[in-house]
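Residue numbers (my numbering), protein chains in the order written: chain A, 1 to 428; chain B, 1 to 428.
Treat the hints with caution; some may be incorrect.
Said to hold, decoys possible - What follows is a list of derived Cβ distance ranges for each label pair: (1) B:ALA310 - A:ASP267: 43 to 49 Å; (2) A:LYS230 - B:LYS403: 40 to 46 Å; (3) A:ASP353 - B:SER225: 27 to 33 Å.
Unchecked claim - Which bits of chain A does chain B cover? Going by a derived footprint, with three or more residues having C-beta under 8 Å, they are: (4) 127–136; (5) 155–166; (6) 183–193; (7) 363–374.
What the hints assert, rightly or not - Covered stretches of chain A (in silico footprint by chain B; criterion: 3 or more residues with CB under 8 Å from a CB of chain B, positions within the stretch not fixed): (8) 86–98; (9) 276–283; (10) 302–313.
Treat the hints as calculated values from the structure; they're not laboratory data. Positions of the beta carbon are idealized from the N, C-alpha and C atoms, including for glycine.
Number of protein chains: 2
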Amino acid sequence: MTSKKTSTKMPISPFAPKTFANLKALAGIELQAMASGSRYVGRDDLVLVRFSKTTQVAGVFTSSKIPSAAVDLSRAHLAGGKARALVVNAGNANAFTGKAGAKAALDTAKGAAKLLHCKPEDVFIASTGVIGEDLDPAPLLAALNTQAAGAKASPSDWLAAARAIMTTDTFPKLASRTVKFGKHQVTLNAIAKGSGMIAPDMATLLAFVFTDANLPARLLQKLLSEANGKSLNCVTVDGDTSTSDTCLMFASGDKKLAGAPLRSLEDKRLAPLRAGLNEVMQDLAVQVASDGEGVSKLMTIDVAGAATDAAARQIGLAIGNSPLVKTAVAGEDANWGRIVMAIGKSGEAAERDRLSIDIGGVQVARKGRAVAGYDERPVAKHMRGRQVHISVNVGVQTKDKKKAKGTARIWASDLTHGYIDINADYRS
Amino acid sequence: MTSKKTSTKMPISPFAPKTFANLKALAGIELQAMASGSRYVGRDDLVLVRFSKTTQVAGVFTSSKIPSAAVDLSRAHLAGGKARALVVNAGNANAFTGKAGAKAALDTAKGAAKLLHCKPEDVFIASTGVIGEDLDPAPLLAALNTQAAGAKASPSDWLAAARAIMTTDTFPKLASRTVKFGKHQVTLNAIAKGSGMIAPDMATLLAFVFTDANLPARLLQKLLSEANGKSLNCVTVDGDTSTSDTCLMFASGDKKLAGAPLRSLEDKRLAPLRAGLNEVMQDLAVQVASDGEGVSKLMTIDVAGAATDAAARQIGLAIGNSPLVKTAVAGEDANWGRIVMAIGKSGEAAERDRLSIDIGGVQVARKGRAVAGYDERPVAKHMRGRQVHISVNVGVQTKDKKKAKGTARIWASDLTHGYIDINADYRS
């Protein structure tokens with residue numbers, strides 16, 4: 001389990017972009033990608049991000065009952081609402097490592113704090129990679145002290161940072177939007193990794209969003225939680241929840257709004273940023289699903305007519321996680337019977353006799369039964385494409401006989417021989 | 001979707017028995033397997049079971065919110081507690097078929113009732129096979145009227161019945177125990193189908209238990225629910241819940257207990273039958289997991305130290321359903337990191353720093369971290385076998401600092417290229 005890894009020869013996702021544009025610099029945020037030599041050979045595996053003193057932070061973490069030491073530390077540090085540094089290492093998740101793991105995370109935070117003359121509580125850590133193996137902080141600290149100390153951090157090394165946090169992702173994931181913020185233009189830059197895995201690594205999802213806007217931590221948290229609920233929390237590759245999932249958002253505070261302090265998500269001045277953040281996060285979500293292990297097709301699943309948005313999400317995830325739906329999509333089979341099965345097993349309310357299903361925009365089931373004689377040709381053609389769109393209305397009625405309005409959109413990869421190759425045939 | 005199927009050439013499960021013993025006849029119960037010619041060619045696909053007038057019935061059904069018409073009918077008929085006939089057809093699940101489906105189920109029940117001179121409410125129906133296709137009751141009624149009417153039903157055609165209800169099961173599933181019941185010996189005979197599937201068929205689980213004991217319906221229901229909770233409800237192949245899952249138990253009433261009427265599960269006179277029923281149902285459960293689609297290895301997962309038995313079951317199912325655990329087992333990789341992940345995602349309480357995991361009886365993790373220097377050779381050897389035993393203690397403490405005692409045992413198949421072959425590559 002301690003052997004070093006050279007790059008693996010897994011097939012690249014068919015959704016991998018051909019070229020990558022770098023993102024623009026943000027005031028108050030400097031990035032540096034480094035090679036610690038801990039596990040991977042010949043590539044960067046460590047990222048240090050330095051923040052200005054005005055930087056506020058928000059975060060959402062895995063719901064796993066067995067979180068990693070890095071998650072424990074960052075969750076605790078979030079209480080202060082301030083951030084001066086983010087350290088991300090790839091190759092070792094520092095999960096299921098007991099007290100030694102907690103100490104390794106803390107030692108890393110202390111090392112970064114010493115370098116940057118800040119408090120350890122203002123340092124955030126994220127770790128991804130092998131689980132159950134002790135993380136030796138020494139190579140990380142050595143890299144920080146030799147490669148980061150003295151050297152000039154780059155304010156715009158986004159692509160290098162996105163590459164350095166990859167484990168078996170087949171492409172780096174970046175997204176950006178520039179939006180109006182009062183009289184300013186502010187930028188949202190984001191990087192993520194996820195859905196690649198080498199046994200016995202964990203399929204972990206890490207995402208980091210950065211902005212030069214001035215936003216108080218309390219509001220930043222609300223913004224991030226809202227956007228996360230409709231983006232990263234709506235992605236599924238195999239339904240397995242990592243010990244290490246972490247999404248952090250940092251606002252450097254450079255661009256300030258005039259007028260009264262921001263207090264509410266509903267403040268109209270926040271609307272463009274709120275919309276931009278949702279777009280950035282959904283962009284990352286789609287990229288993660290598009291790099292799902294062994295992916296051949298990307299499913300977009302729209303659910304309507306559910307009792308609540310939360311119920312709609314559960315139904316969408318039940319469809320996107322179903323091995324039978326996923327294999328049907330891989331096999332280009334418009335098997336809506338399996339979609340019915342998945343809706344039924346979600347545990348959420350659905351009205352069988354009002355249920356409708358569209359595939360690729362074609363009605364295949366209405367009022368709880370197959371549409372007699374629907375034209376299968378456009379559906380078959382749609383199934384042969386890279387992107388499969390499934391839309392269901394589960395027809396729930398409220399107590400006062402109105403149509404329930406819960407909706408959700410879920411992104412999921414299919415289930416192919418490639419998934420088995422990666423996770424069963426490839427041995428650690 | 002209406003094409004007729006000849007037998008498919010799927011690989012036989014490595015767990016398939018080489019020979020099958022028939023089960024013995026039970027007083028008050030007569031079986032008949034027939035060929036309706038509805039969907040399958042050259043094989044029986046319809047079973048009629050006739051019961052004596054004293055027969056009591058109990059049942060448990062799918063938790064799907066979108067149950068089949070057969071499930072709706074049988075669930076409704078259960079209210080009476082009496083049964084005179086069971087009709088099972090394979091090839092068409094009569095699910096997601098709207099009002100036409102409900103009428104087809106009722107027409108079949110009426111046809112059987114007419115033949116047997118009983119009330120339709122005393123007829124039970126189970127259907128398995130393709131979903132979303134109208135079930136034409138005519139061939140079933142024709143078979144009943146020509147093949148069953150007049151012909152002598154067999155009291156001991158258990159093997160033929162078990163074969164007739166198969167869809168893509170690769171072997172018929174039967175189990176039997178004879179137990180003490182007061183001064184009598186009574187027998188529990190059971191047949192089941194499950195876990196095989198041809199797209200777009202549903203992976204459905206049907207199980208039927210028969211006994212010559214005299215048991216009131218109310219108590220029969222308690223017995224069945226208890227045994228089901230520790231057997232068929234603890235099996236997982238792909239985590240997908242069918243629209244059609246049905247388990248019915250029939251007691252013909254031939255063998256009566258002396259003394260006071262049976263009122264409670266705790267009645268000591270019931271102990272041998274209760275234990276025997278658990279054994280029969282667990283026997284079927286293991287057979288179903290052993291015939292899981294594409295199965296190469298059978299996992300037995302023991303969970304202890306959980307808050308409750310229900311929590312232990314959820315944790316065990318999270319492990320048994322995890323694509324990452326299932327592919328690791330298929331790959332003969334003792335990847336306990338994925339087991340940790342699955343426990344964490346179950347949503348049930350687990351104490352990371354008291355967690356322990358054994359594989360094949362060897363301690364691989366203790367107190368929330370890897371056992372330093374454990375001997376990997378016996379574990380590797382165990383992983384190469386057909387049966388993989390995973391045992392976890394999740395170390396939950398009660399409020400008064402005692403060790404929580406929730407336990408469960410789960411049976412699961414692994415996830416292999418064979419599963420993808422069956423569900424993605426094979427087209428309907």
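Now for the hints, and whether the structure bears them out:
Take B:ALA310 and A:ASP267: their Cβ atoms lie about 45 Å apart, and the range 43 to 49 Å holds. Look at A:LYS230 against B:LYS403: about 41 Å separates their beta carbons, and that is inside 40 to 46 Å. Checked against the hint of 27 to 33 Å, the C-beta distance between A:ASP353 and B:SER225 comes to roughly 28 Å, which is consistent with it. Residues of the segment 127–136 of chain A with a Cβ under 8 Å from some Cβ of chain B number 4, which satisfies the need for three, so the listed coverage holds.
Counting residues of the segment 155–166 of chain A whose C-beta sits closer than 8 Å to any C-beta of chain B gives 0, which falls short of three, so the coverage hint is violated. Coverage of a stretch by a chain is defined here by at least three residues with a beta carbon nearer than 8 Å to that chain's beta carbons; for the segment 183–193 of chain A and chain B the count is 0, and the condition is violated. Check result for the segment 363–374 of chain A against chain B: holds, 5 residues qualifying (beta carbon to beta carbon below 8 Å, three or more required). Closer than 8 Å: that is the beta-carbon criterion, and the segment 86–98 of chain A has 4 residues meeting it against chain B, so the requirement of 3 holds.
Taking a C-beta to C-beta cut-off of 8 Å, the segment 276–283 of chain A contributes 0 residues in contact with chain B, too few for the three needed, and the coverage statement is violated. Proximity of the segment 302–313 of chain A to chain B, defined as three or more residues with a beta carbon under 8 Å from a beta carbon of that chain, is not established by the 0 residues found.
Of the numbered hints listed earlier, those contradicted by the structure are 5, 6, 9, 10.
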